[in-house]
Amino acid sequence: MTQLKDKKDRGTTFSKPLFRSPFYDFFAAQETEGHWYDWNGYKSPTILSDEELEYFSIRSTSSVFDITPLNKYRIVGSQAEEFLNKLTVRNVAKQNVATVKYTLWCDQEGFVIDDGTLFRISDNDFRLCSQEKHLPWLIDTSHGFDVEIIDESKHVCGISLQGPTSASILRLLGINGIDNLKPFHLFQTKISNIPIMISRTGFTGDLGYEIFMKNNVANKFIERVWNAGTNHGLTAIGYNALNMARIEAGFIVANIDFISSDHAIRPNRCRRPDDLGLGWLVDLNKGFFNGKKAILNSKLEDSEAFKIYALEIDGKEPAEGSVIYYNKKDEVGTVTSAIWSPMAKKSIALAQLKLGSSNSKMENLWVEIYSLKELQYHKLMKKVSIVKPPFINLARRSACPPSNC
Amino acid sequence: MKSYDVIVIGAGHNGLIVASKLAASGRRVLLLEAGDTYGGMARSENLFEGFLAPELASNAGGISKDVVQDLGLNKYDLLFNEDGIKTVGLNIENESVIFGSNFGKSIEGIGKDEFKRWKELREKFFNQSHLFQSLASQIPVGSNHKTFRSKANLFFTAAKLRLQGKEQFQELLRMITMCIADLVEEELETSSLKGLISFDSTLGIKLGPRSPTSYLGLLYKLSQIKASYQEKSLSINGGVTSFINALFKSAEENGVDFIFKGKVSSLIISDSVATGVKLENGVEYSAKTIVSSISPVNTFLDLVGAQNLETDLTRRIRALRYSGTTSKLNIILEEIPKLHNSQNLGANYRYVYAPSLDSVESNFNSLKYNELPSDPNFEMYFSQISSESSLNGAVMASICIQNTPYSLKGDWKNSKEVLMNKVISTIQKWAPEFKKGILFTSLLLPHETEKKYCVAGGHWHHSELQIDSLYSLRPTFGVSDYSTPIDGLFICGAGTHPGGNLFGLSGLNAAKRILRESTK
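Going line by line, the protein sequences match chains A and B.
Every position in the first sequence, counted from 1, becomes a number in my numbering once 1 is added.
Every position in the second sequence, counted from 1, becomes a number in my numbering once 1 is added.
Calculated directly from the structure, the hints in this document are not laboratory data.
Errors might be hidden in some of the hints.
What the hints assert, rightly or not - Here are some of the chain A residues that sit facing chain B, going by a computed Cβ distance under 8 Å: (1) D108; (2) Q109; (3) T142; (4) G145; (5) F146; (6) F289; (7) N291.
Beta carbons: idealized from backbone N, C-alpha and C, even for Gly.
Looking at chain A on its own, in the form it has when it is part of the complex (with noise of 0.2 Å):
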């Protein structure tokens, strides 16, 4: 079971007691010069020893970092995939079992609530995974089917394992199957006797995995991944490498890149999947589905919602936070999530823009970044194009079998 801060750490009265991952003890041995912070209640670490060095272990080597924070809803019973036809905008019954996809849900305004991963463990057995909480959205929505939602965040954690020497580590762990594995596709077997839940699935654009498992085995599992990766320079990770690696893979998060609308105070913040890149997730050639009519509404109208653009930047400054602007003067919009891109060698950003139904003003934007250089702000303007996501693309991500390095 995953405890809370020890007494003597807790501090004061009012300071915020997080939870431990059953895997904190092993990620605070492999601290060096740590900071951390609270991912949905968890002490997380940002960073472990050096964000440079984590993140080129993602891309260079191999890198585990610790999931255990996310949400994670079972979802089993005769009608879980009907079930999840409603809450979830994808075909649900076009899932094949062993599969995992992506997926968003969404409100009756068909406003985006949440994306996730749904893992289809066999036929009526699922796992949702999500960045929010949704419990009472899930069993709210369950009414009617006869489908039983359980919350198994708190004892159900798991590791994403990412980087090209991953499936090398995975297949000294003695695990059979994983040259197999095609991407989006899962599998459960036994490490030792441990029973654990693969999948090739992960936030990095790399080749990787997510493993799943009870708490009571995290810590001798973690040991033995960590003993398997110390040829293949497994590093242990915080959030802000993983950040960098999925900025470059054009993913996006919920309450950073778009507001959930669960979250949102001011109405026209909340996005529909077309705003945020994703319309091509909702079938709506399927049944009834939360915010079907409203979405197939809003195809009617002339959308003036800001919608989500991957940027690619002039210079070697990163945009964190900028605004952009169209012909130099007038506002479009802002920088949700920007680095200066290892792999791509360019300033890249993700970015919410109101452009308008034409796209007259896509050729004319430009971003203005404030460069603090010793104590003193040098405003750039620089040139922005719009690009296609991502903005890396590696072969080793969907290579079956996966190279054996």
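Mind docking chain B on chain A? Use the hints.
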């Protein structure tokens, strides 16, 4: 599959009104009713030795004039008595107060000063009920909120309110969420008068006189009085039954087809469009327009099914408060019992036992904790039975017992008897011959009403008539303009605006809405 233009579900008064009105427009209408006769909660049941009478509804006072006129019900022998119904506020210790018709236009049994204060207070109440009255026949703002007509309606209603003058407007805003207890205690002294007003403000809803917004219950009642024949001190001859019969005749004459014992098990819905209904016996009927007059809870959760609805809506429907709070006691007596002061009990009187404001409040306290009230409040009507059977000349007392819990703490098995005896012994105190003349008694509790009349919670109004569930929030936001997210499906029951007793405007408004929206 047999096909109609319109299928109406439920032959209660709202269902009959919609069916009749839509049939009059030339549509072919089928009315499906689960029970074996028409009338819904106002239908007549075989109570005792073949004697038929409405088991639940006893008061035909609040029937809307608009409904009677619009459907031309007068031609079906709907006759009116000249003198309206007076209310006797029963009080064992002191002299009873006799509350004149039209909500106490005259009062016997109180002092001159007290009456003067009452007169002012009553005038204020009636003035403020104007808001509700003018909203009652409007189609509420809902999914239609963008149309010019609904914007204009809202604007004119607001303007009308404001034009009453600044002082009156401020007074309305001050009072509208207050509790009735504060208002009457400020002005009045007579205990039984205060009890009577508290009782009338809270009958049928889950509030006590000291609950905030209980004044709204009174405003609602007064707006019904103003919109009905009560204002002219008229009452319908033959009461509930003749109204329901007139509605049935009107529907029949307009060519409505009826199917009784035809309980609908589900709607046929494809891609959020309702195309027909399926009965419990497996028979299906198709129609372009389906109107449900049953409770919104039953309509949405049972007939449509949560599978076809947004989670946001099912959440709000499931959060409705729809547990009934009133039970109905019917007693058949050999003859009209005499009062202890040897006055006769008249058929033109309504008798209310609510001796004080505290009595009503403490009754409500018991309800809050799902307990039986120790000294239950009730209202009682008498009607003379004239039939060819042996019952000729006997009298039926219909008694509404306020604050009966839907889910009692403990078992109803013995408590039912206890509740009935409590009421009878209260009447006995003041009419000593009452018990002797009893031929038959039956008590219908909220959970029994739910089962027998197929209405979730057994609630008179299908869902609470309170500030958070009125007008565009009735039954809930998004489905308040009689349309639903399911194309072709409309709702028109008491759970819609304005709801309430036998008002009938829910049905009339819904019919107008449907006529406006769709061609045949």
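Index of numbered hints that the structure contradicts, given in increasing order: none
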